[in-house]
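Going down the list, the sequences are from chains E and G. All you need for this note's numbering is the position in the first sequence, starting with 1, plus 119. All you need for this note's numbering is the position in the second sequence, starting with 1, plus 8.
One or more of the hints may lead you astray.
Over the 10 Å line for every Cβ pair with chain G, so calculated as not near, a few chain E residues [as the list claims (entries may be wrong)]:
#1 130
#2 131
#3 136
#4 194
#5 409
#6 468
#7 475
#8 556
#9 586
Here are the computed distance ranges between Cβ atoms for each label pair [unchecked claim]:
#10 G:329 x E:210: 56 to 62 Å
#11 E:585 x G:320: 35 to 41 Å
#12 E:585 x G:329: 58 to 64 Å
#13 G:329 x E:555: 43 to 49 Å
#14 G:84 x E:189: 40 to 46 Å
#15 E:210 x G:302: 25 to 31 Å
#16 G:320 x E:265: 26 to 32 Å
#17 G:23 x E:134: 56 to 62 Å
#18 E:188 x G:83: 53 to 59 Å
#19 E:151 x G:125: 57 to 63 Å
#20 E:299 x G:171: 34 to 40 Å
#21 E:597 x G:331: 28 to 34 Å
#22 G:111 x E:536: 43 to 49 Å
Simulated from the structure, these hints should not be mistaken for lab results. Computed from a predicted model, the values in this text were never measured in an experiment. All C-beta atoms, glycine included, are put in the ideal place defined by N, C-alpha and C.
Residues per chain, in single letters:
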Amino acid sequence: MKRFAFLYRQLDQTTSTNRKLRALVDYFQAAEHQDALWTIALFSHRRPRRTVTTTLLRLWAAESAGIPLWLFEASYDMVGDLAEAIALVTPPPERSETLRTLKDWIRFMQDLKDVDEEAKRKAILEAWSQLEQDERFLFNKLLTGGFRIGVSQKMVTKALAQVLAMDENAVAHRLMGDWTPDNTTWDALFQSDSALDDHSKPYPFYLAYALEGAPEDLGALSEWAAERKWDGIRGQYIHRGDTWFLWSRGEELVTDKFPELETLMKIIPPGTVLDGEIMPWKEDNPLPFADLQKRIGRKNVSKKLMADIPVIFKAYDLLEWQGKDIRERPYQERRALLDPIIEAIPPGYPIRLSPMVPAGSWEELTTIRSRAREEHCEGLMLKRMDSAYGTGRKKGDWWKWKIDPLTIDAVMIYAQRGHGRRASLFTDFTFAVLDGEQLIPFTKAYSGLTDAEFDEVNAFIRRNTLDRFGPVAVVKPELVFEIAFEGIQASSRHKSGIALRFPRIKRWRKDKLRKEANTFQDLQEMLERYA
Amino acid sequence: MALLTFSDKGFYCPPGDFYIDPWRQVNKAVITHAHSDHARYGHRQYIAQQDSVPLLKLRLGSFIQATGYPYGTSFSIRGVKVSFHPAAHVLGAAQVRLEYKGEVWVVTGDYKLAPDPLAGSFEPVPCHTFITECTFGLPIYQWPEPMQVFTEINDWWRENQEEGRTSILSAYSLGKAQRILCSVDAGIGPIYAHGAIENTHDVIRQMGIALPKTERITDKTNKKDLTGALVLTPSSGMASNWIRRFADPVTAAASGWMMVRGNRRRQSVDRGFVLSDHVDWNALNAVIGELHPEKIYVTHGFTDLFARWLQDQGYDADVVRTEYSGENEEPLEEVTG
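So that you can see chain G by itself, here it is in the shape it has in the complex (with noise of 0.2 Å):
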């Protein structure tokens, strides 16, 4: 029996009766991780991973009910045993393993391959059907070293602050900002955030998590502590008013899509460095090949083509469409504050 059905408000477990990553308002919803297209408003009921749930309250209000249980502890709904299990995508991202009469289905969420700071090692979990996410499932994406692309950021900054410019660099607020930020050489320079970012960053370390020094930026800010500093912005910022207030800034952006030229260009940014914290095409591969399950769905990104792809490769593979954006621009509601 199917363990998962795809509705038009997001994947449904029946005898379970709950949903995971619902875009819809449902009643019990199981949550992959806090970003907001996977975590939308108004359910009555999330359960997370629990180093999730505080994120899921900064995002979507105190007021949620919300419940969180550790990677690879399973609790039962409805006689459905789940368990979350780490997907290495932003801190508190899981993979959700559902198993009912001896059948075991793995829902991805977002993940990526490479070790995260805080979001730890992708764990990969033996399963019958596999519902993975694809965004970056063509071969034009085979991610470099992220150590290589860290040592890159780190020479842009220290250029740019022997110019006596502003570094400016934008990330998502939760994940990809922290990634950075634990990861670049802090002794070049202060790092500044945005508030959205920084609100991020109070919430982390208030789950006692210790965070490299960052200053949030305020109206008070003073233009000339800023020449020299790394600033850590999300995306939307860069487009708004907000960036006006730096002196000679130099402006870059980390993502997955950097690795294609016309999109480094047409961010309208000096400077695009590939750094992901979805899987790229040789991991997205390496994975499969690894778990061969029986049935694969694959959702957001180049699915067509990627279930294409596996189904060329002997594989049972189909696409499932739904409602996350994947790896896109963030919404402006997240960066106002």
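In isolation and in its complexed conformation, chain E is listed as follows (with noise of 0.2 Å):
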């Protein structure tokens, strides 16, 4: 534990990226194979599952420090961080603990599964009683389940890579998939050939960065190939035996989200892999990705569900062919080989080709890309012909080149406080239109202003409260914001009658009063054009 304590201090107390990786170095190389198994698992968001509540360890930690229930739950509130302030507050190790490992303690832990309420007490306040206070933070987040840290999952790759001497996208392969620590060994996961055996393995996914500069900047038009960018969840689509995967870009297994997918299995032939965007579709148009969204949500996919949001999967890359891995091949010969394969399924299949979409110049695609959102889509994919699939963010082959979003100047109504570090601020705002003399709350949001913005909100905030209800100040309707939103739709739960999708803050628009903000009816209007 003190290894990985070490390891945590030194990646949380510098934001240079050369000191982290080195730091992450360090540890991979001198860590035992099972512990550092397990700082990749928790890395990769492969966090233990909690065996204490939270309500146990607030009353076992005020036991521990000596102190009344009421006088831990306010140094709690203070400190914003259930973990941290148990760490804070229990004392100082009698003996240090050297000889547990960062796997003993996740095995301390996941053995308290199963016993009873007094036989956990014991060994919490024993293990609180053995370890230094960073470690007790850590050992904390872990039980708490809420281990989260500052670091990419790429510069965890980039630092194993160095220490195995392994090539950046094997290992970052090799790290894809359903192990866990239980379930498999340093050795199996990066040595073997049998870990990438495992049917279920996805390869990572390849990101595209958002397009900033003119496309002319990008070069001749016949380097290119534009796509429609859809408005689903990224998915990754696998065949192979006869099992067959759908694996999200969060690297979540969702297979079971979407049973009628299975289907494909009859008409995709094993050792395929698609890359697309799974995405809820009616009567060959796509429905809102609100929809998507209650899919997710859902435990069980009723019959029902399925039927009022059917789903298809719209393939525009092939990683995977015959059992080969084809992805360092150039895109367009990719394309040249999943064009006919998705073309020749017969209709009534949930799968759809995502079309390249043709054009003579930059200047026509620049014309089909404003018509986007009549097409519901989020703008346009640029690919590099000659590209292969990379892994990861890389800059320079492929684009996503959104439409600009739609954006309302809106009067900030409540302001609301952080969680975590963030506790003592106010960090989610919600705004409201103008309706005569009333105001209408229509959405809420959070980041976008820079922190010289961010703290002169603050204290307009702490001068401006009229009311306050819980952790909700009620603030004078006076500070007008430009929010930008990439889509508009009618939504029965929320009290103006209107969901946004991925509100933000845009810039503050000091130049403007609040009798200046738009009105009920600019946004209804929004919403009967683009909804």
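Using the hints, build the complex out of the two chains.
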């Protein structure tokens, strides 16, 4: 645990990428394999299950610290993070345990699953009495399932590639899939060939950057392919052997959520992996993204839900064909294989091709892009014809070229405090449009302000709070902000009857007074035009 | 009888007709220490521990009328016996002991238990009524060993130096800055200071107190000379244009608030060191346990919670509202020049 705590401290204490990478490399070189495996698992959101409730942890923390529960609760409020609050109030260890490493402590937590409350209490108090403060913090983070750290998976991959003397892409591929440290070993994951025999293992997704400059800067149009950018969930469809798997971009196995795609096994041969978009789709038209969220949100996918919101797979790339990894082949070759396969599928199967969008010039393509909203798309994707299918986000070969967001000027009316490290700041804001003298709240938005603006807005809120409801402050309706969003939908769940997609603060309109904000009528016109 | 009453001007002593650390203008003010929330402008007469007097003059102007007494020497104000006792907060910081007709009250001002290179060691003063600060009166505040923190600061400075960068550490210009200056390993490299801190150093050196060598940062300071150096600045220097003059700086803050991760991150510094000149939770409870006063008043900090905790422990404890800010940001006016 000391080594893991040291790594955590090093990563936490610096904002320098180089220092972080160095710390990771040092750690992976020195750590036992099974500990290192858990570390990778934690960095890639493979967290152990929670075995103790937070209510009990609070009670025991107060007991261990020799303070009443009310004082612990007050302390927790100040800190804003339960794991940290416990680590701070509990006394330093009488003797520091050095033998148990990360994997042992995780085993220790997992073993608590089936024991009674008193045995849990004893175990937790014993653990706290053996761990140093920062180790207690990490132990509690693991225990409460809230472990997060400011290191990208890409950086972990890079560090591992250095330590293993392997190619970064190969490491990324091996890290994918359904493994946990409980069902694999270091050697099995990184060394053996059998790891790649695992039928469920997806390829790392290749991600695009947003195009910021003019498309002409990319060079000749003939070197580029354009496709529509669909508003669904990025997915990887795998058919290997006699099973199929569907992965989402967040590396989540979502096979069970979309049972209607099982039928694709009949017409797509084994040894095929497709990249594409999971889309809600009815009568040859996409449904709003919100419908797809309903599908993901449900634990059980009912017949009715499948009938109301059917789903298709919109294929746009071929990664594996006849059991061979073809990611290194140029994009146009992969498409030349993909297009006839999908086009040959008889109608009625839940799969469609995402067709290439032909255009004679960048200008023509720009015009096509401007119609994206009417076609229920977010814009266009630009992919270099001769590009390989990479891993992760890499600048240069793939670009997303989104349409400009819709915007509306709105008045801030409520502000809510954040959590954790932002517990003393107002971070969540609610905005309203004008309806005569009335203000109609229609959206919340979070990010988008500079640090300086953020501080200024916070200072304004503190001085201009009219009323309070728990963590929510009613703010004097005076500040006007431009809110950007990607789409607009009618919604019965929202008071205004409207739901926005990806709302965020675009800028603070200091130049505008409250009466100059947009009206409810403006918003409704947008709904009619774009929904 | 109450030796002190609590008015909107501050703590008032009726038999002696004087105030302690008042925040409105009064005739006679007994001052615990020279931080600006305790030593305000505009009183007719200031009475303080003798090392505090030059610092008061630096901060409030040389024209003020100020009298100094050494620690442990009692003097009388209209029959009230008054004496100063070490608080170990900053140079010249004192607890004020009042005795009148056999009744003893102590006002702590700000204090810490760890010894301070300039402010000495805290002395517990037995009393009937104890008026204590509780800036950090919550159990989440338990300071690490100061020696360990200084080792961390040394390591941090060295590591930055190896990368050819400048280490910028924010700390109170009176107190924390000198504590750090006297405790870090000056052999690592040159130490520079912001003008506000260097002004304080000048006064302290004039008092005949030796400080390790520091250089004042001016408009003429050469950027190149700062590579590998440690720069001490008040926290407001960190937030201003002043910081922009440094090439490739690494920033850190030293304060008790750095105990909590969220605060460290919000400071927008790269690194936070837990170093405070106030008592932590354990020290507060230890002092109160040792003195076992009949009556306790708690001032600035987590007063309501700490008073309730003391009541739970069987003490007669109450909250007094004050206008002291505790260990907050230093006001900007202090750092000009």
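Against the structure, the hints come out as follows:
1. Residue placement check: residue 130 (chain E) keeps its beta carbon more than 10 Å from all beta carbons of chain G (closest about 13 Å).
2. The Cβ of residue 131 (chain E) does not lie farther than 10 Å from every Cβ of chain G; its closest approach is about 8 Å, which violates its non-interface assignment.
3. Distance check for residue 136 (chain E) against chain G: the nearest CB is about 13 Å away, which clears 10 Å, and the non-interface claim stands.
4. Residue placement check: residue 194 (chain E) does not keep its beta carbon more than 10 Å from all beta carbons of chain G (closest about 5 Å).
5. Every C-beta of chain G lies more than 10 Å from that of residue 409 (chain E), the closest at about 34 Å, which supports listing it as non-interface.
6. Even its closest Cβ contact with chain G, about 51 Å, leaves residue 468 (chain E) beyond 10 Å, as expected for a residue assigned away from the interface.
7. Remark: the non-interface label on residue 475 (chain E) is consistent with the geometry, its nearest Cβ contact in chain G lying 46 Å away (cut-off 10 Å).
8. In this structure residue 556 (chain E) is separated from chain G by more than 10 Å, as the shortest Cβ-Cβ distance comes to about 38 Å.
9. Every CB of chain G is more than 10 Å from the CB of residue 586 (chain E) (nearest about 23 Å), matching its label as outside the interface.
10. Range check, residue 329 (chain G) to residue 210 (chain E): Cβ separation about 32 Å, and the 56 to 62 Å hint is violated.
11. Under the hint 35 to 41 Å, the C-beta atoms of residue 585 (chain E) and residue 320 (chain G), about 36 Å apart, fit the expected range.
12. Checked against the hint of 58 to 64 Å, the pair residue 585 (chain E) and residue 329 (chain G) fails, with Cβ atoms roughly 25 Å apart.
13. For the pair residue 329 (chain G) and residue 555 (chain E), the supplied restraint of 43 to 49 Å holds, since their beta-carbon distance comes to about 45 Å.
14. Between residue 84 (chain G) and residue 189 (chain E) the Cβ separation comes to about 45 Å, which falls inside the hinted range of 40 to 46 Å.
15. In this structure the hint that residue 210 (chain E) and residue 302 (chain G) lie 25 to 31 Å apart at CB holds, the actual value being about 30 Å.
16. Hint check: residue 320 (chain G) to residue 265 (chain E), Cβ distance near 31 Å, so the stated range 26 to 32 Å holds.
17. Under the hint 56 to 62 Å, the C-beta atoms of residue 23 (chain G) and residue 134 (chain E), about 58 Å apart, fit the expected range.
18. Look at residue 188 (chain E) against residue 83 (chain G): about 48 Å separates their beta carbons, and that is not inside 53 to 59 Å.
19. Look at residue 151 (chain E) against residue 125 (chain G): about 44 Å separates their beta carbons, and that is not inside 57 to 63 Å.
20. Against the hinted window of 34 to 40 Å, the Cβ-Cβ separation of residue 299 (chain E) and residue 171 (chain G) comes to about 38 Å, which satisfies the hint.
21. Between residue 597 (chain E) and residue 331 (chain G) the C-beta distance comes to about 29 Å, which sits within the given range of 28 to 34 Å.
22. A hinted range of 43 to 49 Å for the beta carbons of residue 111 (chain G) and residue 536 (chain E) is consistent with their spacing of about 46 Å.
In the structure shown, a violation is registered for the earlier hints numbered 2, 4, 10, 12, 18 and 19, in ascending order.
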